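Asker: Chains as they are written, first to last, in numbering that gives the first Met the number 0: chain A, 0 to 303; chain B, 0 to 350; chain C, 0 to 240.
These are computed hints drawn from the structure, not numbers from a lab.
Note that the coordinates shown come from a computational prediction; the quantities given were computed from them, not determined experimentally.
No residue lacks a Cβ here, since even glycine has one placed at the ideal position from N, Cα and C.
You may find that some hints are simply not true.
Stated by the list, open to error - Chain A regions said to be covered by chain B (calculated; three or more residues, Cβ under 8 Å): (1) 110 to 123; (2) 187 to 193; (3) 275 to 281.
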Amino acid sequence: MTAILQTVFDALSLGSLYALGALGIALIFGVMRLVNFAHGDVIAFSIFALLWPSTDVVAAVVAGNLPWFLLIPFVLAMGAGLSVLAEIVVFRRFRNASPATMMIASFALGFVIRYFLLMLFSSRPKSISLLPALSQPVEVLGARIPLLQLITILTTIAILFGLTAFLKRSRFGLEMRAAAENFTMARVLGVRANRVIMGAFALSGALAAAIALILGSQTGTADIQMGTNVMLMAFIATVIGGLGSLPGAVIAGFLLGAASVAMQVSLSIDARPFRDAFVYGAVILVLIFRPQGLLAGRGTKERV
Amino acid sequence: MSNRPSIARRTLATPLILSLLLIAFALVAVAAGSKPFNQTMIDIFLRVTLVVGLYVFVGNSGVISFGHIGFTCLGAYAAAWLTMPPMMKQTLLPGLPEWLIAVQLPYWAAAVLAALWAALWAAVFGKILMRLSGIAASIATFAMLAMINTVYSNWENVTGATSSVVGIPIVRTIWPYLIVAIVAVFIAWGHAISRAGLKLRAARDEPTAASASGIDLPRERLIAFVVSGGVMGLGGALFSHSIGVVTPDTFYLGLTFTTLSMLVVGGMGSLSGAVIGVLVLSTLIQVLRWLEAGVSIGTSTLALPNGVQEIALGIVMIVILAFRPSGLMGNTELNWRRAKTADPGASGQPE
Amino acid sequence: MLSDVTIRYGRLTAVRNVSLSLAEGEILFVTGPNGAGKSSLLRAIAGVTPPAGGRVDFADHDVTGRAPEDIARLGLSMVPEGREVFGSLTTEENLLVGTGMHAKERNWRARVASALEEVYETFPVLKERRHGQAGLLSGGQQQMLVIGRALMTNPRLVAIDEPSLGLAPNVIDLVYERLIALRAQRALTLLIVEQSSTRAMMAGGRMILMRGGEVLLDGDARAMGQSEAMQAAYFGYGEQA
Numbered sequence: 000m001t002a003i004l005q006t007v008f009d010a011l012s013l014g015s016l017y018a019l020g021a022l023g024i025a026l027i028f029g030v031m032r033l034v035n036f037a038h039g040d041v042i043a044f045s046i047f048a049l050l051w052p053s054t055d056v057v058a059a060v061v062a063g064n065l066p067w068f069l070l071i072p073f074v075l076a077m078g079a080g081l082s083v084l085a086e087i088v089v090f091r092r093f094r095n096a097s098p099a100t101m102m103i104a105s106f107a108l109g110f111v112i113r114y115f116l117l118m119l120f121s122s123r124p125k126s127i128s129l130l131p132a133l134s135q136p137v138e139v140l141g142a143r144i145p146l147l148q149l150i151t152i153l154t155t156i157a158i159l160f161g162l163t164a165f166l167k168r169s170r171f172g173l174e175m176r177a178a179a180e181n182f183t184m185a186r187v188l189g190v191r192a193n194r195v196i197m198g199a200f201a202l203s204g205a206l207a208a209a210i211a212l213i214l215g216s217q218t219g220t221a222d223i224q225m226g227t228n229v230m231l232m233a234f235i236a237t238v239i240g241g242l243g244s245l246p247g248a249v250i251a252g253f254l255l256g257a258a259s260v261a262m263q264v265s266l267s268i269d270a271r272p273f274r275d276a277f278v279y280g281a282v283i284l285v286l287i288f289r290p291q292g293l294l295a296g297r298g299t300k301e302r303v
Numbered sequence: 000m001s002n003r004p005s006i007a008r009r010t011l012a013t014p015l016i017l018s019l020l021l022i023a024f025a026l027v028a029v030a031a032g033s034k035p036f037n038q039t040m041i042d043i044f045l046r047v048t049l050v051v052g053l054y055v056f057v058g059n060s061g062v063i064s065f066g067h068i069g070f071t072c073l074g075a076y077a078a079a080w081l082t083m084p085p086m087m088k089q090t091l092l093p094g095l096p097e098w099l100i101a102v103q104l105p106y107w108a109a110a111v112l113a114a115l116w117a118a119l120w121a122a123v124f125g126k127i128l129m130r131l132s133g134i135a136a137s138i139a140t141f142a143m144l145a146m147i148n149t150v151y152s153n154w155e156n157v158t159g160a161t162s163s164v165v166g167i168p169i170v171r172t173i174w175p176y177l178i179v180a181i182v183a184v185f186i187a188w189g190h191a192i193s194r195a196g197l198k199l200r201a202a203r204d205e206p207t208a209a210s211a212s213g214i215d216l217p218r219e220r221l222i223a224f225v226v227s228g229g230v231m232g233l234g235g236a237l238f239s240h241s242i243g244v245v246t247p248d249t250f251y252l253g254l255t256f257t258t259l260s261m262l263v264v265g266g267m268g269s270l271s272g273a274v275i276g277v278l279v280l281s282t283l284i285q286v287l288r289w290l291e292a293g294v295s296i297g298t299s300t301l302a303l304p305n306g307v308q309e310i311a312l313g314i315v316m317i318v319i320l321a322f323r324p325s326g327l328m329g330n331t332e333l334n335w336r337r338a339k340t341a342d343p344g345a346s347g348q349p350e
Numbered sequence: 000m001l002s003d004v005t006i007r008y009g010r011l012t013a014v015r016n017v018s019l020s021l022a023e024g025e026i027l028f029v030t031g032p033n034g035a036g037k038s039s040l041l042r043a044i045a046g047v048t049p050p051a052g053g054r055v056d057f058a059d060h061d062v063t064g065r066a067p068e069d070i071a072r073l074g075l076s077m078v079p080e081g082r083e084v085f086g087s088l089t090t091e092e093n094l095l096v097g098t099g100m101h102a103k104e105r106n107w108r109a110r111v112a113s114a115l116e117e118v119y120e121t122f123p124v125l126k127e128r129r130h131g132q133a134g135l136l137s138g139g140q141q142q143m144l145v146i147g148r149a150l151m152t153n154p155r156l157v158a159i160d161e162p163s164l165g166l167a168p169n170v171i172d173l174v175y176e177r178l179i180a181l182r183a184q185r186a187l188t189l190l191i192v193e194q195s196s197t198r199a200m201m202a203g204g205r206m207i208l209m210r211g212g213e214v215l216l217d218g219d220a221r222a223m224g225q226s227e228a229m230q231a232a233y234f235g236y237g238e239q240a
């Protein structure tokens, strides 16, 4: 029983990361059909913003000593800020470009961010202690799980509810949903394109920073590569969820987390290293049977 | 469509010009004669092979594939299996079947087999993947790449998992690489003017009209996928001989994006674009490497900090794409006369 | 309003050197066969497809090449062809999408509320379905929705592409009745694209006839209906086909 509960918590917390990542990617995809390959590097950047440039193994933390109620907004602002900057400096020039061109441009941007970090910090992962209070275990229904795991899940749920409320209730959310569905029509109705797109980038960047905080506290390290894996799974989740569909992205993120953990538990020892290969195989199968994604709604079909 | 010989004659200039361009590069390398420069040339020819292989599918179908480096991985390991001394395979890769451990082929024969091996897997994956289109197809190819990487990174006694497989015979002269690059260019050209290639490009430019006129899109895509998978495998085989060592991560995201970027910067829709993209970005990379190593100006040495090379490369790519969204060549091919549009109507459609 | 406007899609020229002006409060029908360039004209005015040449003026501003949202904020409401409802939004949300542009003005909330009431009064079925997904509305209901949506921001000019497409005749009557009443009430200027000229002749007002990207005729709708030239323009006899 406790083992099952443990597995469920593992699945939920892994799924949370994927869901937050997928949401960040789907938000931007929705408003400008950009598959943002720089997302993983925004994640890494948000955490490195806390550190003082050096190539030592133990990081000289500058902003990391802030109390949590300042640290968290600081990191979120870093992510959002970088993301908005990327839109203003780079992506604005690609509004009319093809999705392929935009995708490569975003990759190039990610490349620039990654090597910028590399230049300042070197490629060695750095140990940091971020919110150390969170690594103690707590007992939930007999299962001992790290407090952080619980907080990850709860935060993700809170973020999801908050974001849903924001998108449903606020004027900005309304404009963003309209723009995500039919960008040109929203503009014809007077919705300001730049404002909506900047808002989407800011939200997406803040979500990336939230992932960075969770990953940083989980692993105790800051690594230039830390965003890549989450980003890859997040892409896949976005597609499975039906491109541009925000609820779809979230659900697919949790599904992927669950699938990964389920395979980890159920595969034989010999096959376990190949876990991800099975997950990717399952993804291909899903796409074959539901090319529009598992959860594609009426409004999210690709236009011909 | 009936007069293929005339199409061939009209377009033959493109592969010829590109080949001459590559030969000119090779001659420069020989004239320069320095060893590191030799290696640089080999890298360039390898990239030409890979990017041209990628073009065969991506350029003609318009579907971005992230998975092709997976075929390069398959080709590279196949070449390693076929050319390593049996003794080393016995110790490093004991999981290989007996006959494969015993065999040791010359590198060129192994390269041909490696290409066929990659093409075979392209056929298997393609059969499934080619039913998809658009972004779903792109992400599925991504999943395929990740799958191949996961398998090769973990299958300890067949691939050596993440540790390097060493002992692959190294080929140091540039000529085989030059020949393979030229062969790749001619394969791409041959496919492009074949019935399958023409149909595929028609479907890329006018999807509705093409499906109305009965083009079997999955089939045409599959043909391109297999041909390009084979070329990627060939490139992979040569890749392994150029450095003598393979690891799964050599053939993963880094190489995927280098090759894709070169293709997009050069111009996805044209074979000349594929080659030009490699030559332009490779030259840029080389110049930046020199600057990083330090350039003597008078008595002082000016050296850029590490990482500037990649940052500058990324910025240049963004700038090129911002000003020429369809790449340096757009949809045009090099020809004896001034560049002329390869496929009219491919650019500037509404929407 | 338009001077010497040319619109191209790639190598295809959809509209060739068209000049056109509209007086305040006027009703103008743009008619013509398929491919005449009617919709392209509308898209140029709204800023969706910037013209390749020429100049577009609206509300005393040169709006050539300006962003669609800026033109909308000057008081243009465009209803494009093909009922572009936001399918995943509710009916009411669809109506509210554009209303943010006046958010800084006084009494904004009250004005939005009364505009909403007005639309619901005109199309009661929309009120019934106000919280339902707009994508689930029938074709006719969606058409009412996009027309209602265009009226929400108290525009100076409403430009509608094929308002009668796919609607039942009695609904078309209702739509036109309402548009013409509104025009009288608020001094609204109307630009209506219709493939068939019958409706224009019935409603009266000015009409232009386009073909092959050019304006062939410009005049009173009712008078034009009788003319021979009209028939010729549609069916192409007497000219090169």
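Asker: Hint by hint, say whether it matches the structure.
Answerer: Verification of the supplied hints:
1. 110 to 123: Three-residue rule met by the stretch 110 to 123 of chain A, so holds; n is 7.
2. 187 to 193: As far as the stretch 187 to 193 of chain A goes, the hint is violated, because 0 residues have Cβ atoms under 8 Å from chain B.
3. 275 to 281: holds (count 4)
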